[in-house]
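Q: Sequence:
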Amino acid sequence: MAVPVVEGTVGQKDVPIYLDGLGTVQAFNTVTVRVRVDGQLQKLNFVEGQDVHAGQVLAQIDPDPYRTQVEQDEAKKKEDEAQLANAQLQLTRDTQLLAQQIVAQQDYDAQKALVDQLVATVQADQAAIDNARVQLNYTTVVSPIDGRTGILQVDVGNIVHASDSNGIVVITQLRPISVVFTLPEQTFSEIEQQRSRGELAVVAVGRDNRTVLDRGKLAVIDNQIDTTTGTIRLKANFPNAQLHL
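Residue numbers for the sequence shown, in the numbering used here: 1 to 245.
I should point out that these hints are in silico values taken from the structure, not numbers from a laboratory. Model, not experiment: these values are computed from the prediction. Beta carbons are placed, not taken as given, at the ideal position from N, Cα and C, and that holds for glycine. Hints may contain errors.
[Claimed, not checked] Calculated cross-link-like contacts (lysine-lysine; reagent style DSBU-like; alpha-carbon spacing at most 30 Å): (1) Lys78 - Lys112; (2) Lys76 - Lys112; (3) Lys217 - Lys235; (4) Lys43 - Lys78.
[Claimed, not checked] For each label pair, taking beta carbons as the anchor points, the in silico distance ranges come out as: (5) Gln106 - Asn131: 47 to 55 Å; (6) Lys43 - Phe188: 47 to 55 Å; (7) Ala110 - Lys43: 51 to 59 Å; (8) Ala75 - Pro239: 52 to 60 Å; (9) Asp208 - Asn131: 54 to 62 Å; (10) Lys76 - Thr172: 39 to 47 Å; (11) Gln50 - Asn137: 19 to 27 Å; (12) Val212 - Ser165: 23 to 31 Å; (13) Val134 - Ala99: 18 to 26 Å.
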């Protein structure tokens, strides 16, 4: 009886090796948005659960007291600048009179010291203005990161303080996102060896072990092995563009 033989070409190729582990999704960044100046919370520009972007205005604290402070500091600087201009003019005259020995050296020195003092005063005025403007800018609260807002911690109309620990809201960054998972400690050396050759791909699948949720890269291998469970923790980062994780 003839036996059919199937011929084929023998070749070599790399075959991916998969290591399965259970993981937990963790936010890439979590930030508590706190105010940086004290005042009445006048307005909120977001709702709970809203996606926000870095630099987006989230809230407004009453700016009037801080704007008034800027105006007062600017007015003081103008007043001191006027005094400085007069003092410099007098110093110019005294310089000429000193050369003619009409003004005593002591009077000239006193006038020069006054000019130097007023120069320092004007510089201090400008520093006060700069600081007041910074405080005024802080009345506009912006998001430090891209992410999603959580539950509101304070309502409009309340007095908020820079020392408040709860802040206004917590923002969680979801794009990208991290997954922490564990693998048997026996795989550690193999993972390190493969990682030395380049980035290792990580695939996140659903509970059915079939549905691919996202594809990412291995980011961190923990530096300690859990001797109780005989496992090692790893972290992978995923773009999470579709928010499947």
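Q: Hints numbered earlier in the text: which of these fail when held up against the supplied structure?
A: 4, 5, 12 and 13
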